[in-house]
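For the record, the sequence lines run as chains A and B. Under my numbering, the first sequence has 201 at position 201, and the numbering climbs by one with no breaks. With positions in the second sequence counted from 1, the corresponding number in my numbering is that position plus 224.
Honestly, the hints are just simulated from the structure, not real lab data. Be careful, since some hints might not be right.
[Claimed, not checked] Below, a list of computed lysine to any residue pairs in the SDA-like style, where the Cα atoms sit at most 20 Å apart:
(1) A:Lys84 to A:Lys197
(2) B:Lys271 to A:Lys216
(3) A:Lys118 to A:Arg212
(4) A:Lys197 to B:Gly268
(5) B:Lys271 to A:Gly203
(6) B:Lys271 to A:Arg70
(7) B:Lys271 to A:Ala101
(8) B:Lys271 to A:Glu209
(9) A:Lys197 to A:Glu209
(10) B:Lys271 to A:Leu69
(11) A:Lys84 to A:Asp97
(12) A:Lys205 to B:Pro264
(13) A:Lys205 to B:Leu262
(14) A:Lys205 to B:Lys271
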Amino acid sequence: MRRVWRWAAALMPFIAAGALAAGANLLDEAGRERFRWGGTDELLYYPSGLMVRQAALGYETAAADIAWLRGIQYYGEHRQTDMKFDMIGHVMDIVADLDPAFIQPYIFGGFVLAQEMKKPDRGLQLLERGRIANPDNWNLAFEAGFLHYVCRHDFAAASRYFTWASRMPGHPEYVERFAAFASEKAGNRGMATLLWKRVLATGNKYMQEVARRELKGLGEEVQP
Amino acid sequence: MSRVLAVARNTIREVLRERIVLVLAIFGAALVFASQVLSPLALGEGKKVVTDFGLAGSSLLATLLAVFLGSSLLHKELDRRTIYAVMAKPIRRSEFLMGKFLGLWTTTGFLLAGMTLMVLALLTVVHHETPWILLGSLLLTLMELGIVTAFVILFSSFTTPGLTAFFTLGVIVTGSFAEQILYFGGQGESSLVAGLTGAFYWALPHLSTFNVRGMVTHGVAVPPERIAFGVSYALLYMGAVLTIAGAIFERRDFR
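Please build the complete structure, drawing on both the sequences and the hints.
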């Protein structure tokens, strides 16, 4: 009996700590619902990228990854709730300030701004920023062409960007096909279908979801 | 040289006895594996996340270990009065200091190298790619660590552990801003401020010289000339700092 009591006494602090932690978490959850902290304004106070860059003390690329992960989390949360992504441009700008050679934030940020927020000019601005920092990257020029074609319906500009992309090192073969197709059949519905199919094949899971939706809108059958 | 190596060996043994080394090593390994857990959330950028977090984490942990462990290294010898026994032997104070420096640098360097190799192994196993170019970053970070360790030894040669850690962290922060300090000093109209910031710039270690983490993460190999310049700069700078440390320690009254 004595032994049992000794064990119980040894376990008591752990049980008490567990109870306190559970209580704290319950309180936090209740507060979250009541005061809505961590809600839609959560990134309003995200500092500027240049400031973070100075504060990163040489660890800018790791800080860029943290900002990137935070941006994706923000996008994912709002995608499931109100579909408002007001701060996404700000977060992607911060990532770009911290790591200008990180390509995905320009592409994803530009895509969300242009396609989801219906702000193609802002999206293209982010992509342009990426192109200035990475002038030899075909992907950024191709994405700019894509946004010009699909969001702004500026087929001439799209053709120009696809041609640019096709002249850059490392581009895949389909870029040349798009460049030729865009200049010949500008405005063709089939071209938009092909572009969205490329997003479906190469984009991240969120971009693929949008591509599926758009392809359905174009009357295409898409595998779920 | 054999006397210096004897002190260094002893310092490594002493440092390895500290629990904080084991704690930081476990924490470092956990950080590398945690970055792999995070990578699926990065929408296709998992490899970059693992590399960035791994390199940044290894550098940060090794620096913290050098600062916090090194700051009490000399103080302990003085506090326990073991230094009298050492000084009674035919060894110069500067040799003793050099041995301490080499011992501390080797230990922290092993932590750094171990974590970087862990990142390499993880990338090989999970991402099926072995970016050997990370070794260029490892070498330069090792040099940066050498400079930080030299400063720890310099400050601990004349002040308390707390102040040593504080001063060294100050050097790391200002050393990361060295170029900006020079730039902003040159923007004003005062030639005195420009002169002072210029002097400050030349006195501070230019730690950004050793930061090639962003470069290797994006698959760009560090040019051999840059490595050669970095290593030469670090060795010269360490030599300068340790010379001052030796001169101060030679004159220090142990009572």
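request  = Any hints from earlier that this structure breaks? Give me their numbers in increasing order, please.
outcome  = 1, 2, 8, 11
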